[in-house]
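K.L.:
These protein sequence lines are chains A and B, in that order. Position 5, counted from 1, in the first sequence is what the working numbering calls 5; the numbers after and before it change by one each time, with no gaps. So the working numbering is basically just the index in the second sequence, starting at one, shifted up by 1000.
No wet-lab data here; the hints were simulated from the structure. We treat Cβ as the ideally placed atom computed from N, Cα and C, and that holds for glycine. Any given hint could be a false lead.
So the derived list for chain A, only partly shown, Cβ under 8 Å to chain B, looks like this [to be verified]:
1. T21
2. M29
3. S36
4. W37
5. T40
6. E45
7. G83
8. A91
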Amino acid sequence: MEINPDAWVLYEWRGLPLNATIVFTWVVMALLVVGSWAITARLSEGETVSRWQVMLEVIVTTIRDQIAEVGADTPGRYLPFIGTLFLFIAAANVLSIVPGYQPPTGSLSTTAALAICVLVAVPLFSIGERGLAGYLRNYVQPTPLMLPFNIVSEASRTIALAVRLYGNVMSGTVIVGILISIAPFFFPIVMQVLGLLTGLIQAYIFAILAMVYIGSASRSRRRSDDPSTNHTGD
Amino acid sequence: MQIDWLTVAAQIFNFLVLVWLLQRFLYRPITTAMARREERIESRLSEARKARAKVEAEAEDLREKQERLEARREEVLREARQKAEALREDLEDDLRKEIEARRTSWQDHLDDERDELAERLRHQAGHQVIEIVGRVLRDYAGSDLAGQVAGTFVDRLTDLDDEARDKLRAAAERADGTATLQSSVPLKPAARSQITRAIREYIAPDIEVDYREDDDLLLGVRLTIGEQTVEWSATRFLHRLETTLDEVIEGGLRRRAAGLPDPDDSAEGG
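Could you build the full structure based on these sequences and the hints that come with them?
P.N.:
Structure (structure tokens):
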């Protein structure tokens, strides 16, 4: 049973393999972009709004509210990054009910890529918010002795982020695969439904954790007072 | 489980492209549209607030105007009432005066009628009385009324007191010995000579008596010597009768004006 979409090479061009991860990522991207474009091309600014636009507005405002709840003063600043994380992961996971589809999030390469994006985004947003000196000062707080631990903390939480998403999504696929071989009827459907829920939860957790990391790095040293930092241990 | 770093790089690129695309096609249009809508709603609300404030100001203005109009109306009504009251009083006054004038005129007219009636009554009654008396005298005494009158006059002349007689004598001397005797009825020669004799005997022996008739006397004789006059006539009785009649008529009118019934119809007949 093939459970790593990276290994599923659909096409190879001059030694560059085009695996299922990238192809399904493109599919998800195309769905998201075309769907958004189809709706936002006919945006209404008046009182009568189409239900699709309402749906998009609800999604966008919910994401923005969640970002604001984590503690960001300007949610609009983080909306594209965090929102795209959530929408991409959610769409990639939800589409797993489609037969023949392999969620790209089930590939460690994808989750690692997303985690690396978060790893890079945290210092970028922090520097953009507080300046380079302000960001670097974070590593020597409360004492310069903490510098190595802070660096390890940064790296480990990126890895944790990547592995968590990968493990959750891949496990769902693996469990469904095993169940199909053991009990071909009924149970796989239940597990698929459970997989949908898990996929959405994972998308939410990944996005929120990314926001927490960015938020905690962007703000000054108030982290110890902020209960949202508890999520870092998740 | 391996990480394909080429795939990782591709996925990072894909993700960044997706971020850009979604920013381009999803977040920006949606947030812009929502912001514009909010702005529009806000502007509409603000317009509505302005319109409401304006309407309230206008309503306040109208209320003030209405109050002013109400006050003005009250004032006009009060003036009109005062004028109407004044007019009513004037009219009442005029009416009262007119009624008073009419009443006075009616009273005068009534007085005139009463006087006329009294005069007529006096005349008729006098003539009636004289006629009755004369008939009675003729029927029962066997003599005419003029003769009786002459006799009575002679008796009176005889009974005159000394003072009156002296006055008459003095007047006769001043009047060149002429006396005038007026009677209501023509006196017979016998009565004339009886009267002439009596005058010459008691007043002046050589006086001339001029006999005339005067219907006003009704019944009686009036002797005028110079400025002195001696009279015996029914006129005085008639005057007394007239006075009585006047009193009766006046009393009846007063009772009628007061709305009281006549005490006794026989009083008017007597």
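K.L.:
Next item in the hint list is G83(A). Is there a CB on chain B closer than 8 Å to its CB?
P.N.:
Nearest chain B Cβ about 6 Å off; hint holds.
K.L.:
Double-check M29(A) for me: the hint is only fine if its C-beta lies closer than 8 Å to a C-beta in chain B.
P.N.:
With Cβ-Cβ at 5 Å, under 8 Å, it holds.
K.L.:
Take the shortest C-beta to C-beta distance between W37(A) and chain B; is it under 8 Å?
P.N.:
Holds: closest Cβ of chain B sits about 4 Å from W37(A), inside 8 Å.
K.L.:
Should the hint that T21(A) touches chain B count as held when the rule is a Cβ pair under 8 Å?
P.N.:
holds, 5 Å
K.L.:
Does the CB of T40(A) sit less than 8 Å away from some CB of chain B?
P.N.:
holds, 4 Å
K.L.:
Given S36(A) as an interface hint, is its Cβ closer than 8 Å to any Cβ of chain B?
P.N.:
Holds, because the Cβ-Cβ distance from S36(A) to chain B comes to roughly 4 Å (cut-off 8 Å).
K.L.:
Less than 8 Å between beta-carbons is the criterion; does A91(A) satisfy it with respect to chain B?
P.N.:
violated, 10 Å
K.L.:
Hint check: is the beta carbon of E45(A) less than 8 Å from a beta carbon of chain B?
P.N.:
The hint holds - E45(A) has a Cβ within 8 Å of chain B, the shortest such distance being about 5 Å.
In this structure, only the earlier hint numbered 8 is contradicted, and the remaining ones agree with it.
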